[in-house]
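Asker: Letter by letter, the chains look like this.
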Amino acid sequence: MEKRATFSSTTIGLLFALPMLVLIFVFFYWPSGQALYWAFTLEQPWGGGNTWVGLQNFRQLLSDPYYWGAISRSMVFGLGSTSIAMGVALLLALFTDREMRGHKAYRSVFIWPYAIAAPALGLAFRFILAPEAGFLSLINQIWPGLWNPALDGTDAMIAVIIAFSWKYVGYNFIFFLSALQSIPRSLIEAAAMDGSGPMRRMWDIQLPLLTPTLFFLLVINITESFQDSFGIVDIMTQGGPARATELMVYKIYFDGFKGLDYSGAAAQSIILMGLVVLLTIVQFRFVERRVHYK
Amino acid sequence: MSSIAIKGVKKAYAKNAVVHGVDLEIATGEFIVILGPSGCGKSTLLRMIAGLEEISGGEIWIDGKLVNKLEPRERGCAMVFQNYALYPHMTVAENIGYALKVAGVPKAERMQRVAATAKVVGLEAFLDRRPAALSGGQRQRVAMGRAIVREPKVFLFDEPLSNLDAKLRVAMRAEIRRLHRRLGATSVFVTHDQTEAMTLGDRLVVMNGGRIEQVGTPAEVYNRPATRFVANFVGSPSMNLMEGAIDRHGVFVYDEQRRIPLPGALDARLVGHKIVLGVRAEAAKLVEAGTPGSLPATVDFIEELGAGRVVHTDFDGLSFAVALSDAATFETGDPVGVMIDPADIHLFSIESGLRIDLPASQPAHATSL
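In order, the protein sequence lines correspond to chains A and B. If you use the numbering used here, the first sequence corresponds to residues 1 to 294, in order. If you use the numbering used here, the second sequence corresponds to residues 1 to 369, in order.
Okay, chain A solo, but in the shape it has when bound:
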């Protein structure tokens, strides 16, 4: 019998998984571990030794009203952008599903915003929403001073929410549309025979059957709104005016790289990570119950 080199299935399995494991370790576990370590120490800005301080960083953060402000702003941003991004995408998908003419073009056009890097997107929206020259300058001509994200915190928050939502509408749309198209045509027809009009059918048949997709997108959108918002905020408002758009992720960058408070920023990262995990658990625990998996 011919002699062959044989490996145990565990070895060969691990070998195949190794490149991915290395990637995950280097880019996820290592930095996370490092952040976790820093969060419990005081790091010197210019390097050269650190001191173990236990929970002091966390205590400091949680007694800081500015930090609580960042948390609540992140919540507002997350809820606002998620509801706009998902709501608009769902409407577009429902309409596209009914009138499928040109749907192939829609599909590819709507995914493009997702491919645009956040800073480029932020820059574009900075121009679009500029109070003196953008589309919205028209409003200021009628009611002077009504719209000014550079001075008004609420306007600034609205501006970053719109920019972020715009990026995710296309992403959500793709998921909604393919989920809608996987609902058998005959179900819609059966509902039509049962006397249900188009709006009623959306509400009674299509939406309940979309719940797995709705749930998936809810988790993704909330998570991304906490983590992916940095580029847009940095280009559009830099957290201003007067911290009105200082989201958690932006504060991490600002305190860490501008304020050179590595340890505080590391502690903030840990809290942000914990918060996202918590929110995801809450969603799985309470929202998923209402999902109808087929």
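It should be emphasised that the hints constitute simulated quantities derived from the structure, not laboratory data. A portion of the hints provided could be inaccurate.
As the list claims (entries may be wrong) - Here are the simulated distance ranges between beta carbons: (1) A:Arg285 - B:Ala133: 21 to 29 angstroms; (2) A:Ser9 - B:Asn163: 38 to 46 angstroms; (3) B:Ala108 - A:Ser83: 33 to 41 angstroms.
To be verified - On the chain A side, residues computed to face chain B include the following (Cβ under 7 angstroms): (4) Ser186; (5) Glu189; (6) Ala190; (7) Ala192; (8) Gly195; (9) Ser269; (10) Ile270.
Here a beta-carbon is modelled for each residue, glycine too, at the ideal position from N, C-alpha and C.
Based on the hints, put chain B in the right spot on chain A.
Answerer: Here is chain B on its own, set in the frame of chain A:
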């Protein structure tokens, strides 16, 4: 209760015509079965009646009302779909009651009517289940219940039994028949299964290539097929068809050894023409090879059916089936004779495929060549 009138109805997708001008009158309370091979336009016709498919030409009237432009919900039809189309996120009770809910029937009355319907279709024990937890037959019953709960004017069935296994299909067939007798609503049932068609229909509509080939009672369609297509499509095994010419003595000549004298008086118009002659397998008999008047054949293979058997014989390349009710004493390869009673033959034009009635038997319906 209501009647349906279909006048010159056409359907085309882009430039592709699938239904070419169909005319059909369906009486109130009648059970009509539309039978045809796949792609013949039968489902499309049904969906046009339902309002799920736009009508490209012609008119459909339900209960004396033109419904061409009406939405499905305004037509008063209920439909049972081939794949049942049950709402997966609703329980059996919610599925059956959905139409009532949409119609705004108060909850108490709705529950009562759902319960009554569930009893009719034998689903009382399953009202709280989801469709995923039901067997194929039970799903079929839910689909039926959903259709009957609103007491519609018209029932439409789109091949509702084709996803069931053979035994269940026979049982559901009987149940549909019973249900129709009980409710008496006008019903249109689409199928490609001829047994279903023969057993269910008051009248049969045989369709092919977007056209109606024949309309008639099951017995009429079986005994006097109007076209070559119907002759071939209806009946199992299908009718034996042979192409041959009529000689000047009025004898059908398939080849030198196989001649069949036509019954009745000689029709002068047929002499010298090529023609299609059909004989049902049940109408032919097998005799000893060489019996005078029999056609020589060889036994090709024998299909055992339990109650009877079908002997497939070979006419030098043409397969000819003979159904026997007694035990076969022949074996594959045996030479036999096939005996055909001239009274049992059907003639069809080779060009148009239409039935030709011989002057002696049915002078009124004679079709010229």
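Asker: A closest beta-carbon separation below 7 angstroms is what the hint needs, so does Ser186 of chain A meet it against chain B?
Answerer: At 4 angstroms from the nearest chain B Cβ, Ser186 of chain A passes the 7 angstroms test, so the hint holds.
Asker: Between Arg285 of chain A and Ala133 of chain B, does the beta-carbon spacing fit 21 to 29 angstroms?
Answerer: holds, 25 angstroms
Asker: Measuring from the C-beta of Ser269 of chain A to each C-beta in chain B, is the shortest one below 7 angstroms?
Answerer: Violated: closest Cβ of chain B sits about 40 angstroms from Ser269 of chain A, beyond 7 angstroms.
Asker: For the hint on Gly195 of chain A, just tell me whether its beta-carbon gets within less than 7 angstroms of chain B.
Answerer: holds, 4 angstroms
Asker: Range first: 38 to 46 angstroms. Now tell me if the beta carbons of Ser9 of chain A and Asn163 of chain B are that far apart.
Answerer: This hint holds: roughly 42 angstroms between Cβ atoms.
Asker: Tell me if Ala192 of chain A is really an interface residue toward chain B, meaning its C-beta lies closer than 7 angstroms to one of theirs.
Answerer: It holds, given that the least Cβ distance between Ala192 of chain A and chain B is near 5 angstroms, below 7 angstroms.
Asker: Hint check: is the beta carbon of Glu189 of chain A less than 7 angstroms from a beta carbon of chain B?
Answerer: holds, 5 angstroms
Asker: Falls inside 33 to 41 angstroms, the C-beta gap from Ala108 of chain B to Ser83 of chain A?
Answerer: holds, 38 angstroms
Asker: For the restraint on Ile270 of chain A, tell me whether the closest CB of chain B is nearer than 7 angstroms.
Answerer: Result: violated, 40 angstroms to nearest chain B Cβ.
Asker: Closer than 7 angstroms between Cβ atoms is the bar; does Ala190 of chain A clear it against chain B? Give me holds or violated.
Answerer: Since chain B brings a Cβ to about 4 angstroms from Ala190 of chain A, closer than 7 angstroms, the hint holds.
Checked against the numbered hints above, the structure violates hints 9 and 10; every other hint is satisfied.
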